[in-house]
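Participant: What follows is the residue order along each chain.
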Amino acid sequence: MNPNRVVPEVQELHEMIKQRQNPIMSYDLADELEVRIEQLRFPEGWENSDGTRFGDVIFDLSRTYPRKQPKVYVSGDMRYEGDSPHVLYARSVAPAGFIKYCIHTLPDWDPAEHDLKTMFNVLEVSLENPRAKNPLMEA
Amino acid sequence: MDQSATASVTSGEVTDGLELVLTAAQVEKLREWTLQDDGIERFAYIYCERQNGRLLAREIDPIPAEDCAVMESSAVRPELAVERERLGAAMEEGLVPIMVHSHPFSQRPGFSALDDDIMESYRKWLGKLYPETPLGFVVVGHRGVDTAVYTDPTEPQRDRLGVDIVGEWTLDTPLETPSTAPDVSVDADRYDRSIRALTDDGQQQVADTTVGIAGLGGLGSMVALQLARFGVQEFVFADPDVVERSNLPRIYGATAADIGRDKVDVVGEQVVRANPDAEIRAYNDRVQAVPERVLAECDVVIGAVDRLSARLYCNEFATRHLRYYIDGGVAIETDDDERVTEERGLIQLVAPGVTACLDCLGRNDPEHLRVEEMSDDEIEADIERGYIDEDVRSPEPAITPLNGMAASSISRLFTKLVTGYSSPTDYLRFDGLDEELVDVGTHPSNDCITCGADGMLGVGEQAFETDALVGGDIDVSSPASEAEAVEATTITDDTLQEASSDTGTADDGTVGPAPDPAGTASAAGPAAQAIESTAWGSTADPGAAGAQQTADSSMSPASDCSPSGATRLSRAARERKWLLGLAVLAFVAVKWLRSRS
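Sequence lines, in order, name chains A and B. Using this note's numbering, read the first sequence as starting at 1 and increasing by one per residue. Using this note's numbering, read the second sequence as starting at 1001 and increasing by one per residue.
If you are wondering where the hints come from, they were derived from the structure by calculation, not from laboratory data. Misleading hints may appear alongside valid ones.
[Claimed, not checked] If you want the ones that stay clear, here's a sample from chain A, every Cβ over 10 Å from chain B, calculated: (1) Asn-2; (2) Gln-19; (3) Arg-41; (4) Ser-49; (5) Asp-50; (6) Arg-79; (7) Tyr-80; (8) Ala-96; (9) Ile-99; (10) Phe-120; (11) Asn-121; (12) Leu-123; (13) Glu-124; (14) Glu-128.
[As the list claims (entries may be wrong)] Computed footprint of chain A on chain B, listed as stretches where at least three residues anywhere in the stretch have a Cβ under 8 Å from a Cβ of chain A: (15) 1141 to 1147; (16) 1162 to 1176.
We put the CB at the ideal spot given by N, CA and C, even for glycine.
Isolated chain B, as found in the complex (with noise of 0.2 Å):
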């Protein structure tokens, strides 16, 4: 065979194009099968749905000795036919392969001369039939693994592919596996307590890593704040809440000023005012609206929402998408005499394919599902009809201190969870009454409908073949589509001071930003301006906030729900100016009077 036509360009570098994830239960798999104690090299594929740059895998399949051409002690290949019928059955389904193979003679192995011939020879053969497929490789070893991938492989360049591993805590032994390079940079100075705890490797894991909250009530905010000042810089939000009276005395940072923003925008100007480097993308809405991709950047969706759908939502999400999900709940029971029975908390975590999910435990109560689906008159009739309770109109009673006590056992699970320096708790339940704090292990059910062997594990988006269906030919795209996409607000600090510096009173004698000729302030939309008047309250005069703060203080329930600070602060500028054009013209006056004299 002539070498130099079958060279590689080997780069050495773990591409940031493509990234393998398995659960540690699928490497555990992986390694039983190919590391036996017999020495033998063996071989495996790995089955991934390719989404947003990351490939899920959705399926180990070990091939056995007889569906083997080679497999010995130095040499293992399947059978030309196996390879056929398993790739092209991958690669017809929209799969993409990856090729494993072991070398029970290493710790941490590498591929060698023979390996990069045979990769290269897959390419050529396989890159003609599939241009639009990439082409994995891996080799086992007892302590690491070593991968290389064909971005495209219709070119000989070859990377390194970086590889996340799902609850990589519950592995028997360590193992160590190409990743990328981080991305952002750690302010040693800032962090530097911080650091002392967790090593330069865990602050730069905090600051790597996206985190999306649902609900930014009374415990969502607590979580973002904390994550924030602790140092992660990415944040997703999404509630579709604005914020109300009865939200100040839990939402941390929120003022009377803020009664009727969005509370994704109010807390997301907190979160930048805790750490200046954090970007927040924005949604006013559910967290199903938001678009899936968004979504799936999240390193950890954390749910902190009062609907059971939500939570589902984000259960179903993570186990589709390979993500982390930590799921947060508070509850406060009371009897007739209104007095406190139960104060509990809820901490989930829900690790796709390593931890039981929220289906796994039960935590899907139908009945609380159907009355949450239902429309003000459908419970209004039921309630009538006798079907459900009055109550379940009435809110549910909450106190800050115990979100305090979950926001802060959330952000601690968290921090275990990506900076690896104790093993994160699969579900921590604790008593506000009789502080007690219980911590539980758990395992995913192998008959449940979301993680489950029928289930939805590594899937990515929702999609199926229409071909064979009844009806045929329909519309069967993923929830969050495009066509349903919803606009997110970027939150930074940037944005924060741009809407200080440019805040003047307009034509219509508003506050707000400067004109834009370009009209591109108005793409910012309502929530911009949210972020204006709270920039503009915290920047105003000492005199104003004062003024502010006793109008706020008398305030009537009623009154709460109109003038928002900004208003509140742009009247009180025209006032000003009105004082002002007074005492100019009794200036005047007196001046003139003078000279009349």
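Here chain A stands alone, though its shape is the one from the complex (with noise of 0.2 Å):
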């Protein structure tokens, strides 16, 4: 992973979220690889524990970013219209109160073309029709 590369992208992405709500943005480079968004707001139909639409994201780097789109979790406790739409995959390993989001592999990333922000609007789309076989082929 170039963290060169890497900051600049997250400063897109930050600037990027700002035009439309105001999430609160850290990452870890160091340790955890990882870019969390706190309090987003999902779209209509996904609520948390608290019955509001906020939840937090993390984008899970790993090492091997660019060459791999990253993993998404999401908080643990959000659900769409009370259910856990098969993008929740409960099975799966992910950090303490989140739950992987299972975005699916872009068969034509590019990493030297898309990056956490396409990866952001990827989320976006999929989330807001979390029940297709393929929220982003349906979207």
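Combine the two chains into a complex, taking the hints into account.
Facilitator: Given below as structure tokens:
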């Protein structure tokens, strides 16, 4: 992973999200290799255990980013219309308090073109329609 | 100007404290700029990352005529404002600036008296402002360069600066550069035959080369042993695995007694036996966990690993540190009828900035990486969901003859790379079924995420400015930072000899070294114990070895996992003591009976 590339990506993602809402962003490129977006407002239909639409998201970069798209985790208490759709992948390992969000592998992931903003856009599309078999294809 | 007040102290010697490292492409860029047909002297800066005594050239900055106060056939110097801006920016970024000018009229140039004065004036100016930053100078001619460096710019002591050119064989014309004196000796008698092929200098180059090997399995063990016999003396090994029974057909020198022992130790001992001058720093861990400064000492890193993430780490590491990386791998494909349909080997040389890196060639399959990073539970779940095939959990087929071909190809590539007797290949592919050997030239891609324009060429250890970051004050230390650093075991002929001579029976009945009141032996850790067990095996009497072999041949897989060779030997020793005691008892009993009668 090239931190000199990732840091500007984080900043650009922050700028992009700030235009729509105001979540807290943080990251750790030393140990956990992750970018955290806290208090992100999820689309209609999503709800946490407090009954609000706010949840946290982790982009797990790993040392191989950006060769490979990051894994995505969301707050473990998020539900969609009271249910846990298949995109919430409970059997997978996840950081404490989170659940893996099964975002489909992008077959054309290209590290020269795609970045964290791409991932966030993909996540947004998927969150809008989490019950679709492949939310990306049906978006 | 008072000459006595400005005189520097020039040793004329090449310092062993610093070395300038450039890629061949950077050298060609410098030559192209500084040696133009008009015969005018020209100027350029090289901005370097300082890493463990190496100045890694990150950028060549040619200074055009409009930015120069003087630029003619006998003198060149940038405008003062340009000097301030360029040098200030570099120093503020923590980079070491090297000031380069040309002598287009010279084949093998040297610094003039005027150059001496100018260098000293730079030292007096910049040494006060940036006392921690060395000051380097290069004068370029058509066939050679000369260099100078103030390692401590607060002092007038000036030495020559060694120059290492990555991918030197690709230069349009050879370039003579200052180089540091060799620091190890070569046994001319032992290496007589290879000296006849490679010359004294070639053999010396081999002995001076530090080699890192990631992966000490079937392929890596063969490479290590070949290079040890060839005369390499300094090794760094990294492998997290222990020897399993299914490894024995491929790991050279490994025996059933080594089952359960760290691969790095088993192969390390074989290497020392092959070359008693060898010293191995053995890390029983992934290559990613080896401290960065240790791996950066390796002139050549060889990847013989089965994990793509480890290969890509080595690839990235080589690019950042301007070190050579040789990536080797083999694969056997079989069809549903278990027939071999493909048998191939790939060997790629990564000479940063000169040849393609793994990412340039797209050898970075994201799906492969994704699966590699999954836990067993995740793989299980993904198999159930049908995302991945069941066979991802099956070991790949492997046979030693194919490893042998690849190992020899790697060793040959290494030989060419280090001795320069012939240009090394960039990429070698062999097909074991068709007996085809294909040699392909490669070029780095400017768009490459690792070695391209926005990549990591020559950036050294990973670090970046934290001032303007989202989230602000956070720890962004490099991956293999001290906190994560793992300990190495050092394996040398001495450690083997000590292990051999110190073995005895300890109070607990196990075979091991003599008690160490100072407790220093424990610092060597489990690997040291492993060394001792092998040494014991090699010096055990034939009867014991034979007994051991017999036992091994009838061993079940389950029993292979339990006692090590040392434990079995210690048991044999204990059994013999018991037998001896019985014999003494019988003797005493007979004597007593006789005396009674």
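Participant: Hints first: check each against the structure and report whether it holds.
Facilitator: Here's how the hints hold up against the structure:
1. Chain B draws A:Asn-2 into its interface by the beta-carbon criterion, the shortest separation being 5 Å against a cut-off of 10 Å.
2. At the 10 Å boundary, the C-beta of A:Gln-19 stays outside the reach of chain B, the nearest C-beta of that chain being 15 Å off.
3. The Cβ of A:Arg-41 sits about 19 Å from the closest Cβ of chain B, beyond the 10 Å cut-off, so the non-interface label holds.
4. In this structure A:Ser-49 is separated from chain B by more than 10 Å, as the shortest Cβ-Cβ distance comes to about 24 Å.
5. The beta carbon of A:Asp-50 is kept farther than 10 Å from every beta carbon of chain B, the shortest such distance being approximately 25 Å.
6. Residue-level check passed: A:Arg-79 sits 20 Å from the nearest beta carbon of chain B, beyond 10 Å.
7. The beta carbon of A:Tyr-80 is kept farther than 10 Å from every beta carbon of chain B, the shortest such distance being approximately 19 Å.
8. Distance to chain B confirms A:Ala-96 as a non-interface residue, since its nearest Cβ pair spans about 15 Å, more than 10 Å.
9. Once the 10 Å rule is applied to beta carbons, A:Ile-99 is consistent with being away from chain B; the minimum gap is 13 Å.
10. Annotated as non-interface, A:Phe-120 keeps its C-beta farther than 10 Å from every C-beta of chain B; the closest such distance is 14 Å.
11. Every CB of chain B is more than 10 Å from the CB of A:Asn-121 (nearest about 18 Å), matching its label as outside the interface.
12. The claim that A:Leu-123 is not at the interface with chain B holds, since no C-beta of that chain comes within 10 Å of its own (minimum 17 Å).
13. The Cβ of A:Glu-124 lies farther than 10 Å from every Cβ of chain B, with a closest approach of about 19 Å, so its non-interface assignment holds.
14. Look at A:Glu-128: its CB is around 22 Å from the nearest CB on chain B, clear of 10 Å, so calling it non-interface holds up.
15. Against chain A, the segment 1141 to 1147 of chain B contributes 0 residues with a C-beta closer than 8 Å to a partner C-beta. That does not satisfy the three-residue criterion, and the hint is violated.
16. Given as covered by chain A, the segment 1162 to 1176 of chain B fails the check, having 0 residues with a CB less than 8 Å from a CB of that chain where 3 are the minimum.
Hint check: violations occur at hints 1, 15 and 16; the rest are consistent with the structure.
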